[in-house]
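Chains A and B supply the protein sequences, listed in that same order.
Here my numbering is used: position 186 in the first sequence is 186, and no number is missing along the way.
Just add 1000 to the spot in the second sequence (first one is 1) and you have my numbering.
A few of these clues could be false.
Said to hold, decoys possible - Using 35 angstroms as the maximum straight-line C-alpha spacing, the simulated DSBU-like pairs for lysine-lysine come out as follows: (1) B/Lys-1235 with B/Lys-1216; (2) A/Lys-86 with B/Lys-1302; (3) B/Lys-1354 with A/Lys-86; (4) B/Lys-1046 with A/Lys-149; (5) A/Lys-149 with A/Lys-80; (6) B/Lys-1127 with B/Lys-1276; (7) B/Lys-1230 with B/Lys-1216; (8) A/Lys-149 with A/Lys-86; (9) B/Lys-1046 with B/Lys-1211; (10) A/Lys-161 with B/Lys-1046; (11) B/Lys-1276 with B/Lys-1235; (12) A/Lys-80 with A/Lys-139; (13) B/Lys-1351 with A/Lys-86; (14) B/Lys-1351 with A/Lys-80; (15) A/Lys-86 with B/Lys-1276; (16) A/Lys-139 with A/Lys-86; (17) B/Lys-1201 with B/Lys-1211; (18) B/Lys-1354 with A/Lys-80.
By construction, these hints were calculated from the structure, which means they are not laboratory data.
Given next are the chains, with one letter for each unit.
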Amino acid sequence: MSDNVFMAGYGGQGILVIGNLLACGAILEGHNASYFPAYGPEKRGGSAMCTVIVADSEIGSPVIGRPRVALLLNQIAMDKYFSQIKPGGICLYNSSLVDHLPSQRDDLCLIAMPANEMAYEIGNPRLVNMLMLGAYAEKTGAVRLASLKAGLELILPERNKRFIPANVEALDRGAAFVRDSVAAAC
Amino acid sequence: MNNRLFVKGNEAVAMGAIEAGCRYYFGYPITPQNDIPEYMSREMPKVGGFFLQAESEVAAINMVLGAGAAGGRVMTSSSGPGISLKAEGMSFMAGSEVPAVIVNMQRPGPGLGGIDASQADYFQAVKGAGHGGYRLIVLAPWSVQELYDLGMLAFDLADRYRTPVMILGDAMLGQMKEALIPHSYHRPADLPEKDWVVCGKGRRNHANVVKSLMLKDGELEAHNWHLHAKYDLIKQRETRCATDNLDGAELLVTAFGCAARIARTAIDMARGEGMKVGMIRPVTVFPFPSEVYLQATARTPKVLCIELNNGQMVEDVRLSVDRQADVRFYGRPGGTGSLPTPEELLEQIRKHYKD
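Could you build the full structure based on these sequences and the hints that come with them?
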């Protein structure tokens, strides 16, 4: 299995957490993976972005110019990265915070996910990131949901481990969205 | 995960250091290397080691000098502006032959510059950041695994040659995460005893002295010839370099550290298009693997040097090949949003491959 992904949004949306988790899950499965973050000095707000590469061969550059998949969690990320997604790739975006696409592209699989509303439904607006990652895993098969769930134990600091059940539920809900939604059928 | 861990580069170098017996860390925070002091502050007490956040970089490096002179395996870490402040202390350590390990997770400059990946401190690292004419052994890892492995090796080299050793990383290597296979440190059997340390006279009938001030007639010149001979020995014995597909190459691409990581993918893409591209990656940038370049360019007289700066290592490449090869350069000086991509480097490889 190999894949490469951009994840981007506001600082505080948990972009770096899901990037970390994807790479960790892939390594748990015996693949190689790299996680490379780029963020500003702000604790919240500002922009957060990371690149994750999953491969079975040795990983060269942790940086890529054109990802196969992008998880875009707000309009700023959409405006910045939409055009960079490789033709034939996947754009999975948070339609709660993205109101328009920057250009018309017919060469992508576009999946609009109302992740903020879905997060409110399960009781915690901070689960947007896990919903998106669950959807990604289901859509691409790059990593198993079980590996992501196992990875939560490894990447979360002790103080946040009490949130694991909620995160697991969000991963499952995100995956179910892709399975059940017409919007994801491309 | 069998025995593979998922680790951040900054943590890997600290893990390697502790495994190699580093028990003293003195530092002062600066992005993008803060995970190193954070890790050390958490883990050093668990192994009976000592962590101290000093009041400044200058204080920290002088604490390193003191601990090294007393025989401890000691380390500090910083980035760009902080390394400049430590330069005086590094010169003092080189002059008084105190072993220590200094990590520089480079950020772009000059001045405060930025907090992203850069290789702008190559000159500073290999030509001597401080005054007086000295050398550091400079190791240039390109992966999380190598940060760990070279993090161990650095202490052996420092002790073997009684010299400060620098690990020259950068913001990309420090902050990225990938798989790491940890392993046990084995102390080389032939490492010299530290019979020169200043930690009390004990049963010796003389006092050891560690100093860099030499005012007696001829004393300083003799000392500098001694250091010079030591650096020559280091060049003979400790040059490390990774090469790949040099035979039959039409173009040699060379890069170190994070630039080599990005170039690695670009080279694979170029080979996919049928281009015969060899790769030379210095693992030590002092001593510089000049001989590798000299031999490789005897067969392939065209080199493209890629760096995250506007041309520093390329000067050493040119000196190494002594005009027998055409040495080209591509670089970007770094900053937010200024990392080259493999696609961009592939363009450069295509261009220089053709003409």
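Original post:
Within a Cα-Cα threshold of 35 angstroms, do B/Lys-1230 and B/Lys-1216 meet the stated pairing?
Top reply: At roughly 22 angstroms apart (the allowed maximum being 35 angstroms), B/Lys-1216 and B/Lys-1230 satisfy the hint.
Original post:
Does A/Lys-149 pair with A/Lys-80 here, judged by a C-alpha cut-off of 35 angstroms?
Top reply: Holds, at about 30 angstroms.
**OP:** Given the hint that B/Lys-1127 pairs with B/Lys-1276, test it: the Cα-Cα distance must not exceed 35 angstroms.
**Re:** Distance of about 33 angstroms is within 35 angstroms: holds.
Subject >> Straight-line alpha-carbon gap A/Lys-86 to B/Lys-1302, limit 35 angstroms >> reply: holds, 33 angstroms
**OP:** Compare the distance between the alpha carbons of B/Lys-1046 and A/Lys-149 with 35 angstroms, and conclude whether the hinted pair is satisfied.
**Re:** Satisfied, since the Cα-Cα distance of roughly 30 angstroms is no more than 35 angstroms.
Subject >> Agreement of B/Lys-1046 and B/Lys-1211 with the hint, judged by alpha carbon distance not exceeding 35 angstroms >> reply: holds, 33 angstroms
Original post:
Is A/Lys-139 close enough to A/Lys-86, meaning Cα to Cα at most 35 angstroms?
Top reply: Holds. A/Lys-139 to A/Lys-86 sits at ~16 angstroms (cutoff 35 angstroms).
Original post:
For the pair supplied as a hint, B/Lys-1201 and B/Lys-1211, is the alpha-carbon distance within the 35 angstroms limit?
Top reply: holds, 16 angstroms
**OP:** Please work out if A/Lys-80 and A/Lys-139 have their alpha carbons no farther apart than 35 angstroms.
**Re:** holds, 23 angstroms
Subject >> Satisfaction of hint between B/Lys-1046 and A/Lys-161, Cα-Cα up to 35 angstroms >> reply: holds, 23 angstroms
Subject >> Distance restraint between B/Lys-1354 and A/Lys-80, which requires alpha-carbon spacing of 35 angstroms or less >> reply: Distance ~33 angstroms between B/Lys-1354 and A/Lys-80 Cα, so the pair holds.
Original post:
Within 35 angstroms, alpha carbon to alpha carbon, are B/Lys-1354 and A/Lys-86?
Top reply: Since the Cα atoms of B/Lys-1354 and A/Lys-86 sit roughly 27 angstroms apart, the hinted pair holds (cutoff 35 angstroms).
Every hint from the earlier list agrees with this structure, and none is contradicted.
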